[in-house]
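Sequence lines, in order, name chains F and Y. According to the numbering used here, the first sequence is numbered sequentially starting from 2. According to the numbering used here, the second sequence is numbered sequentially starting from 54.
Take these hints with a grain of salt, some might be off.
[To be verified] Residues from chain F that face chain Y, not an exhaustive set, calculated with beta carbons under 8 Å:
#1 P71
#2 A90
#3 F92
#4 E103
#5 F106
#6 E108
#7 G109
Keep in mind that the hints were calculated from the coordinates and are not lab data. C-beta: ideal position from N, C-alpha, C; glycine also.
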Amino acid sequence: NAGVMQNPRHLVRRRGQEARLRCSPMKGHSHVYWYRQLPEEGLKFMVYLQKENIIDESGMPKERFSAEFPKEGPSILRIQQVVRGDSAAYFCASSFGLGTGELFFGEGSRLTVL
Amino acid sequence: DAKTTQPPSMDCAEGRAANLPCNHSTISGNEYVYWYRQIHSQGPQYIIHGLKNNETNEMASLIITEDRKSSTLILPHATLRDTAVYYCIVRPNTGNQFYFGTGTSLTVIP
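Based on the provided sequences and hints, a complete structural model is requested.
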């Protein structure tokens, strides 16, 4: 009964380093979403991907952030040259496909930039 | 981005019904209303969704007004574990994005 799996759950990086966050969707789900939640704030949509395609990246910062969802393996959210303002919880969600289905969320990856 | 308006916070006595309102006056005809909650810093949890008719499941009931411009999530017998931030979301009819607003912070009081 594996749900959406995210790892690492906690990640500490120094300014200028790279952070890689991984998300394995629920079995049978081919749509992945990434959200960011800054401390004491709501969830902000970042990017929506299907296998091998970025469908909507309207919420992604223009620089340093990228996401992929390869044919095999988990979705990766990559943050290059991290800054303190990147410290946040990053949540991944998955869904079966377009339609009325709900999103299923993982427990998040908490990034702390020192 | 969010197309909904919710009160920032509410209190509810344990064992009583919690009624959480949401305004979505610009909702389109084929857009669904979804409710999620986030307990402390956990991942958001799906509660319920609906289009026109009222819906009920083991967690809650969703009442949507006839003009669909507002809805109410009802937790029939609130417990301390229902303390969370509740998000009302209108799902666009194109694409598959869910945009979260600021939600309502519900505190269930013993």
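Point to revise | Violated hints - listed by number, lowest first | key: Violated hint: only 1; rest satisfied.
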